[in-house]
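Colleague: The residues making up each chain are set out below.
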Amino acid sequence: MRLQSASIALASALACGAAWAQGGPTDPQIAGIVVAANQIDVDAGKLARSRSKNKEVQGFAKQMITDHTAVNKQAAALVKKLKVKPEESDTSKSLKSGARDNLANLKKLKGAQFDHAYVDHEVAYHQAVLDAIDKTLIPNAKNAELKDLLTKVRPAIAAHLDHAKHIQSSLGKS
Amino acid sequence: MLHHAARALVFGLALALPAAATAAGKTHAVRIEGMKFEPERLEAAVGDTITWTNRDVVPHTVTGAAGRALESGTIAPGGKWTYRVRTKGEIAYVCRFHPMMKGVLVAK
Chain A
1 MRLQSASIAL ASALACGAAW AQGGPTDPQI AGIVVAANQI DVDAGKLARS RSKNKEVQGF
61 AKQMITDHTA VNKQAAALVK KLKVKPEESD TSKSLKSGAR DNLANLKKLK GAQFDHAYVD
121 HEVAYHQAVL DAIDKTLIPN AKNAELKDLL TKVRPAIAAH LDHAKHIQSS LGKS
Chain B
1 MLHHAARALV FGLALALPAA ATAAGKTHAV RIEGMKFEPE RLEAAVGDTI TWTNRDVVPH
61 TVTGAAGRAL ESGTIAPGGK WTYRVRTKGE IAYVCRFHPM MKGVLVAK
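These protein sequence lines are chains A and B, in that order. For the record, in the first sequence the residue sitting at position 108 is 108 according to the working numbering, with numbers rising by one throughout. For the record, in the second sequence the residue sitting at position 105 is 105 according to the working numbering, with numbers rising by one throughout.
So that you can see chain A by itself, here it is in the shape it has in the complex:
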């Protein structure tokens, strides 16, 4: 239950248009959201690598670390090139606090319970990020290169979501 409410809070933090006073996030705020969103999944992946004994979960966690680290490297290179300083927003702040809650919750769990909780959260998280990319981040990005980066990130997030759902269903059977 706790996990479910955390996921819902996360989804609303990312997708809720009402959070933006005027129209939507600015480019520096979008950059701040991108960096936070990637780092959060790297951190969760690192925890899963150290806790999980499940081969599929381990493989997924490794992929999350590799891919989200790669995206953030490119985001960092782009903001440097564009001379944009990533800015905090209510969204990036609530993403970070949601991530702290998620990690604190996961740290209490072991074995199959941990695997289920981690993978369930990854499904909800990637769905929320995908929705945010489509509904908030891409439509509001002003700079063409930032918009292009977000567009290129989308298929990776969609693939992660499919992968997480696949593991979720195979864990459900075990």
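Derived by calculation from the structure, the hints in this document are not laboratory data. Keep in mind that the hints are not guaranteed to be accurate.
Claimed, not checked - No more than 30 Å apart at the CA atoms, straight line, and that leaves these computed lysine-lysine pairs for DSBU-like:
| no. | chain 1 | residue 1 | chain 2 | residue 2 |
| --- | --- | --- | --- | --- |
| 1 | B | Lys36 | A | Lys142 |
| 2 | B | Lys102 | A | Lys73 |
| 3 | A | Lys83 | B | Lys80 |
| 4 | B | Lys36 | A | Lys135 |
| 5 | A | Lys73 | A | Lys46 |
| 6 | B | Lys36 | A | Lys152 |
| 7 | A | Lys62 | B | Lys36 |
| 8 | A | Lys46 | B | Lys88 |
| 9 | B | Lys36 | A | Lys73 |
| 10 | B | Lys102 | A | Lys152 |
| 11 | A | Lys81 | B | Lys80 |
| 12 | B | Lys102 | A | Lys46 |
| 13 | B | Lys36 | A | Lys147 |
| 14 | B | Lys108 | A | Lys62 |
| 15 | B | Lys108 | B | Lys88 |
| 16 | A | Lys80 | B | Lys36 |
| 17 | A | Lys152 | B | Lys80 |
| 18 | A | Lys93 | A | Lys73 |
| 19 | A | Lys46 | B | Lys80 |
| 20 | B | Lys102 | A | Lys53 |
To be verified - Selected chain A positions facing chain B (Cβ under 7 Å, derived; list incomplete):
| no. | residue |
| --- | --- |
| 21 | Gly23 |
| 22 | Val71 |
| 23 | Gln74 |
| 24 | Lys152 |
| 25 | Val153 |
| 26 | Ala156 |
C-beta atoms are modelled at their ideal positions from N, C-alpha and C, and glycine is treated no differently.
Place chain B on chain A using the hints.
Modeller: Coordinates of chain B only, in the frame set by chain A:
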């Protein structure tokens, strides 16, 4: 020392010759974009070269099915990997990081 160098040179030339003889092979390009290999199925002849270019924001690999000698190692975002077709046959390959990404190289 010089003798060794000369021998190495001759040996190097001998190795380079067969490659030069097939250098007229065609070149092919495979884009890795949107978590897919494009084209997914590529036909090429022995002696042709194929270059995979990673246009995604995440790293990928070109990794042949078990027992096949196709292995690019990590291709970073924006990076590329070139392979010269050596033997006939069909090689199914995946991205080692994202095994749902599949491709086939048909060498004729």
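Colleague: Does each hint fit the structure? Answer for all of them.
Modeller: Hints and how they fare:
1. Annotation: proposed proximity of Lys36(B) to Lys142(A) holds, straight-line Cα distance about 28 Å (limit 30 Å).
2. Restraint check for Lys102(B) and Lys73(A): the C-alpha separation of about 26 Å stays at or below 30 Å, so the hint holds.
3. A hinted pair counts as satisfied when its Cα atoms are at most 30 Å apart, and Lys83(A) with Lys80(B) qualifies at roughly 28 Å.
4. This hinted pair checks out: Lys36(B) and Lys135(A) have alpha carbons roughly 24 Å apart, not beyond 30 Å.
5. Annotation: proposed proximity of Lys73(A) to Lys46(A) holds, straight-line Cα distance about 17 Å (limit 30 Å).
6. With a C-alpha separation of about 12 Å, the suggested pair Lys36(B) and Lys152(A) falls inside the 30 Å cut-off, and the hint holds.
7. Our distance criterion of 30 Å between C-alpha atoms is met by Lys62(A) and Lys36(B), whose separation comes to about 20 Å.
8. The straight-line distance between the Cα atoms of Lys46(A) and Lys88(B) is roughly 42 Å, outside the 30 Å bound, and the hint therefore fails.
9. Taken as a hint, the Lys36(B) and Lys73(A) pair is honoured in the structure, with Cα atoms around 21 Å apart against an allowance of 30 Å.
10. Under the criterion of a C-alpha separation no larger than 30 Å, the hint pairing Lys102(B) with Lys152(A) is consistent with the structure, at around 19 Å.
11. For the given pair, Lys81(A) sits about 23 Å from Lys80(B) by alpha-carbon distance, which is consistent with the 30 Å threshold.
12. Proposed proximity of Lys102(B) and Lys46(A) is supported: the alpha carbons are some 27 Å apart, at most 30 Å.
13. Between Lys36(B) and Lys147(A), the direct Cα distance comes to roughly 21 Å. Compliance with the 30 Å bound is thereby established for this hinted pair.
14. Straight-line distance between C-alpha atoms of Lys108(B) and Lys62(A) comes to about 37 Å, which puts the hinted pair past the 30 Å bound.
15. This hinted pair checks out: Lys108(B) and Lys88(B) have alpha carbons roughly 5 Å apart, not beyond 30 Å.
16. As the CA atoms of Lys80(A) and Lys36(B) are separated by approximately 29 Å, the hinted pair is consistent with the 30 Å bound.
17. For the proposed pair Lys152(A) and Lys80(B), the alpha carbon gap of about 17 Å is at most 30 Å, so the pair holds.
18. Note on Lys93(A) and Lys73(A): the hinted pairing holds, with a Cα-Cα distance of about 21 Å set against a maximum of 30 Å.
19. Only pairs whose Cα atoms come within 30 Å are accepted, and Lys46(A) paired with Lys80(B) is accepted, the gap being roughly 28 Å.
20. Between Lys102(B) and Lys53(A), the direct Cα distance comes to roughly 27 Å. Compliance with the 30 Å bound is thereby established for this hinted pair.
21. Hint status for Gly23(A) relative to chain B: violated, with the closest Cβ pair at about 26 Å, above 7 Å.
22. With its C-beta approaching chain B no nearer than about 5 Å, Val71(A) sits inside the 7 Å limit, and its interface hint holds.
23. A least Cβ separation of about 6 Å between Gln74(A) and chain B falls short of the 7 Å threshold, and the interface hint therefore holds.
24. Taking 7 Å as the C-beta cut-off, the interface hint given for Lys152(A) holds, the closest approach to chain B being about 5 Å.
25. Checking Val153(A) against chain B by beta carbon gives a least distance of about 5 Å; that is within 7 Å, so the hint holds.
26. Annotation: Ala156(A) was flagged as interfacial toward chain B, and the flag holds, the nearest CB pair being 5 Å apart, inside 7 Å.
Checked against the numbered hints given earlier, this structure breaks hints 8, 14 and 21; the rest are met.
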